[in-house]
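Those protein sequence lines, which keep their order, are chains A and B. Residues in the first sequence are numbered consecutively from 0, following numbering that gives the first Met the number 0. Residues in the second sequence are numbered consecutively from 0, following numbering that gives the first Met the number 0.
Some hints could be false.
[Stated by the list, open to error] One-sided and incomplete, this derived list gives chain B residues near chain A with beta-carbon spacing under 8 Å: (1) F8; (2) F49; (3) C51; (4) I138; (5) F155; (6) P160; (7) T317; (8) I319; (9) I323.
[Claimed, not checked] According to the in silico footprint, chain B covers these stretches of chain A (three or more CB under 8 Å from chain B): (10) 69-75; (11) 153-165; (12) 258-268.
Derived by calculation from the structure, the hints in this document are not laboratory data. Even for Gly, the Cβ is constructed at its ideal location relative to N, Cα and C.
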Amino acid sequence: MSSVTAQKRSQTLVIVSTTLVVIWLILAAFPFLWTLWGSFKVQADFFSKADWTNALTGTFTEQATGSAFTGRAYYGAWVQEEFWLAAVNTVIVVFCVVVISLTLGTLGGYALARSGYRYAFWLLMVALVFRAMPHITLVSGYLLPFFEWNLWGHLPTSIIVLVAINQPFTLWMLHSFFLNIPKDLDESAMVDGCTRFEAFRHVIIPVMWPGVITTGLFSFLLAYNDFAVTAMLLSQDNQTMVPKVASFLGSTFEEGNVMFAVASVVSATAPLFVLVLFFQRQIVSGLTAGAVKG
Amino acid sequence: MPHRTFLWFILPSLAAMILFIFFPIISVVIQSLYVEHEQVVITSENCGPFGCQTETTVDLEATQELRDAQPLGRFNGLGTYVNRGHLATQELATAWAESESLGAFWGQVMNLPFYRALAFTLTYTFVCTPLVLGLGLAIALGVNGLPRVFRGPTIFFSLLPMIVTPLIGSLILFWMIDAEGIIGKSLQVLLDDPELSLKASPTLTWITLIIYGVWSSAPFAFVIFYAGLQTVPGETLEAAMIDGASRWERIRYVVIPHLAPLAVFVTLIQLMDNFKVFEPIVGFSAEASAQSLSWIIYNDLRGDTQRFGSAAATSMLTIIGVAILLSPVLIRTWRDFNRKRV
């Protein structure tokens, strides 16, 4: 079938579509490569007033450090400005959010997939509305009570808030994965005398991992990429990476700080890069699972 | 599944959502009805050789005490909703009465912070969404025509703009379009205008933000459409070809109808996500010329004097906006659901 299409396809069309894809690839990838390259320069090169080729040759970097590449920005960000602390906080927050939201989500998603009652449908609809709400509107609801109850600023508070914000999405996704697991599987276990929970534990848990891993990737992304919640609910000492990057920008008047931001931006992007590298298939299947079911 | 078992399974998840999504909404409703205490002012009369003067001083201690005692502030009813920072009913009425043309009225409305933010948010949402759909479809068709070996790496690089943290993605582009960055500089050379700055004019800032929005969301539409293209029915395509349909006709009458449900899904997700637009404005430092609803809430909440009442009122209006945006979907689901029952 595809060979027939290939023959019929005109030469110009191939050229046009290939050009389009190539342009898109440049648009998608070049900013990252450029920033990665620039993060090893000094500010005068990355933002070159005189000549943009300085960014390539590293003229000022060579003048300042004696070599065309420098790790100064990384040293400044990670050591001087204690970006490592933010990285540790991010690891804690993201790990806890993923584990807790998957635990709650698998139980809830399983129940939603197996219940035929109307309220299960309405719960999913409510979850959809919750998913659409800008996170900052919820944050404005948290702040005052959290101040009053002295909950503000701590990592556990943000973790639990992120878990809750994550739930609507996690429920939707796991619900559609559990719908794909045949009902007969757990029902036959229950005929054999298992309770519902035992059936879930012994029959469903062993087969649910592909769906759980995919959903986990998306909760990871949500927690990792969050700015609104972590920027507003964490104190200075407990900041995670994204608010920390934003805080570098607040003081752009001092020289060097922009480069700290550039270095930390590259550092924060690296894990995502690795994630896509290893889990591309799961991410694509996760995105489409929602659509095909939708 | 019996109700009882269902409840036990869903309970933890439901509790989290009620505690941290539903209650905050209630908290927002309550906060929006209150406003910060005014400062306690002491008026004293000082009589000197040149007559008497009344002097007003702020009693900081008493103000602090009052604020600690009633952190919520004082009851204001719907006052916050109609003040200048939000719906600005009075200002609207005056502007309507005074301005001679519709254009002048519009100009006055655009000076009101809430309407300015609403205008940007809606423009962003309704310009980005169709562009994302179009670009996503174009890339998907393009990639689908590539030899199989190239598809994997193409998808890998395409995913990057979507997967990257929105704030970080916008910063990366922001540094490039800086007047001294690579794109900003190139544009200056290309357009032969050394003064050109993408940050200076509101229109250019809006365009930049929209381009960022399309850049970061197009991969999502692309992946969905690409997956859809893999399942286009081969027989239908072949039948269309035998009937003499051109390539364009095949796309128009076979592929696009097949992708239509996916397009509805992408549109729904995009409308929801674009309406939330917030991080790009922080990343691009665009607040001078473009403010979104989320951004004005953020602005009220940060800094030393946090205006909870004002933020809560904007939040309520935003939530109502989300509800209006989602209402077609909800009504349709409601109808489908009722039809199924009958």
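For this structure, which hints from the list above don't hold up?
2, 3, 8, 9 and 10
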